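*Asks:* Per this note's numbering, residue 7 is the first one in the sequence shown, and the count goes up by one each step.
If you are wondering where the hints come from, they were derived from the structure by calculation, not from laboratory data. Keep in mind the model is a prediction, meaning the values are calculated, not measured. Note that the Cβ used here is the ideal one computed from N, Cα and C, for glycine as well. There may be inaccurate statements among the hints.
Said to hold, decoys possible - Okay, derived cross-link-like pairs now, DSS-like style, lysine-lysine, Cα gap no bigger than 27 Å in a straight line: (1) K76 with K106; (2) K58 with K106; (3) K58 with K76.
Said to hold, decoys possible - Derived Cβ-Cβ restraints for the label pairs, each shown as a range: (4) S120 with I54: 24 to 34 Å; (5) D129 with A47: 20 to 30 Å; (6) A147 with Q55: 38 to 48 Å.
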Amino acid sequence: MCLIREGFLSTSQAVAQHLPYLRRYARALSGSQGSGDAYVAATLEALIQDPKVLEAGLSTRIALYRLFTKIWNSVALNGMSSGGSPSQPVERHLAQIPPKPRQAFLLVALEGLSEDDAAKVLDIDAPTLRDLVEESGRELAAEIADETTHILGHN
7 MCLIREGFLS TSQAVAQHLP YLRRYARALS GSQGSGDAYV AATLEALIQD
57 PKVLEAGLST RIALYRLFTK IWNSVALNGM SSGGSPSQPV ERHLAQIPPK
107 PRQAFLLVAL EGLSEDDAAK VLDIDAPTLR DLVEESGREL AAEIADETTH
157 ILGHN
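Given these sequences and hints, build the entire structure.
*Replies:* Structure below.
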């Protein structure tokens, strides 16, 4: 009995080439590699359950990120800004940005997706994506300004 379906190997290779990038995005979004990897694993499990998600007329990368996003957004806790204490300053600033703008920012700035592709991942239109990215910029600027004021105020 042949365990490898025709086309499965090429599909798994197509997915595998995007996993390091999906892990990077997941880590930045969640604030830790362990948590990010758990979401990536859940994404892969969902993909095994329904491989047709890759046949939705999207590139493998966009379809994979879109599936990850559906799983991420299905967890109510991810709908709030993180109040945790990430170890790195950049992670701390990112954690304060509301989830949707943070996702939009990371998809464009970290992952290098076009606005159209990032909008497809988030299942929104491009103008809405632009608004979210702009919101994330304002949030980051405010976070950095607050930190700078705090540092300068204590000298």
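*Asks:* Each hint should be assessed against the structure and marked as holding or not.
*Replies:* Consistency of the hints with the structure:
1. Note on K76 and K106: the hinted pairing holds, with a Cα-Cα distance of about 12 Å set against a maximum of 27 Å.
2. About 26 Å separates the Cα atoms of K58 and K106, which keeps this hinted pair within 27 Å; it holds.
3. Using a Cα cut-off of 27 Å, the hinted pair K58 and K76 holds, with the two alpha carbons roughly 15 Å apart.
4. About 28 Å separates the C-beta atoms of S120 and I54, a value consistent with the hinted range of 24 to 34 Å.
5. Our hint of 20 to 30 Å for D129 and A47 holds, since their Cβ atoms are close to 22 Å apart.
6. Checked against the hint of 38 to 48 Å, the pair A147 and Q55 passes, with Cβ atoms roughly 41 Å apart.
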